[in-house]
Each structure stands twice: as structure tokens, then as C-alpha cells.
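**Q** Go ahead and model the full structure; you've got the sequences and the hints to work with.
So the sequence shown is residues 0 to 54, counted in numbering that gives the first Met the number 0.
Don't read these hints as lab results, they were simulated from the structure.
Treat the hints with care, as some may be off.
[Said to hold, decoys possible] Beta-carbon label-pair distances, calculated as ranges:
#1 25 to 48: 22 to 30 Å
#2 12 to 47: 20 to 28 Å
#3 12 to 46: 14 to 22 Å
#4 21 to 51: 34 to 42 Å
#5 53 to 17: 30 to 38 Å
#6 33 to 0: 20 to 28 Å
#7 46 to 25: 27 to 35 Å
Yeah, the Cβ is synthetic: ideal placement off N, Cα and C, and Gly gets one too.
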Amino acid sequence: MIQIILAVLFVVFGIFLKQTNHPGFRGSKKFWKMFVILGGVILLSRLVSYFLHPL
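**A** Spelled out as C-alpha cells, the structure:
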């Protein structure tokens, strides 16, 4: 369950990096795609794992 929450946080943080104009995040804006892709892959793999191997 924690992996799903962490994956959603990665996606949300990536979208936040893309949308923000705060000067403190100026150096990290180029990583927004990495966070969105990483969060999406983790979320997708965890959901597939839950459906293939239910408890």
C-alpha cells in the first residue's frame, strides 16, 4: 500500500515541478518528466502485481 501512495506522490510532485514558478525549484524543473514517468511505472507495476497475486 505504501508503494501506491509513494507512486502517487511522485506523480504529484512531478506535476508540481512543471507548474511552479518558484525560484527555489528553478534548478529541479528539468526532472519533472522523470518523476511523472517513475511514479506512473511504479503505480502500474504495483497494481498489476496486486491483480496477478491477490492476498
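**Q** All hints are to be evaluated individually against the structure, with a verdict given for each.
**A** A quick look at each hint next to the structure:
Against the hinted window of 22 to 30 Å, the Cβ-Cβ separation of residue 25 and residue 48 comes to about 37 Å, which falls outside the hint. Checked against the hint of 20 to 28 Å, the C-beta distance between residue 12 and residue 47 comes to roughly 23 Å, which is consistent with it. One distance hint, 14 to 22 Å for the beta-carbon pair residue 12 and residue 46, holds here, with the actual separation near 20 Å. At about 41 Å, the beta-carbon gap between residue 21 and residue 51 stays in the expected band of 34 to 42 Å.
Taken as a hint, the range 30 to 38 Å holds for the pair residue 53 and residue 17, whose Cβ atoms sit roughly 35 Å apart. Taking the beta carbon of each, residue 33 and residue 0 are about 24 Å apart, inside 20 to 28 Å as hinted. Against the hinted window of 27 to 35 Å, the Cβ-Cβ separation of residue 46 and residue 25 comes to about 34 Å, which satisfies the hint.
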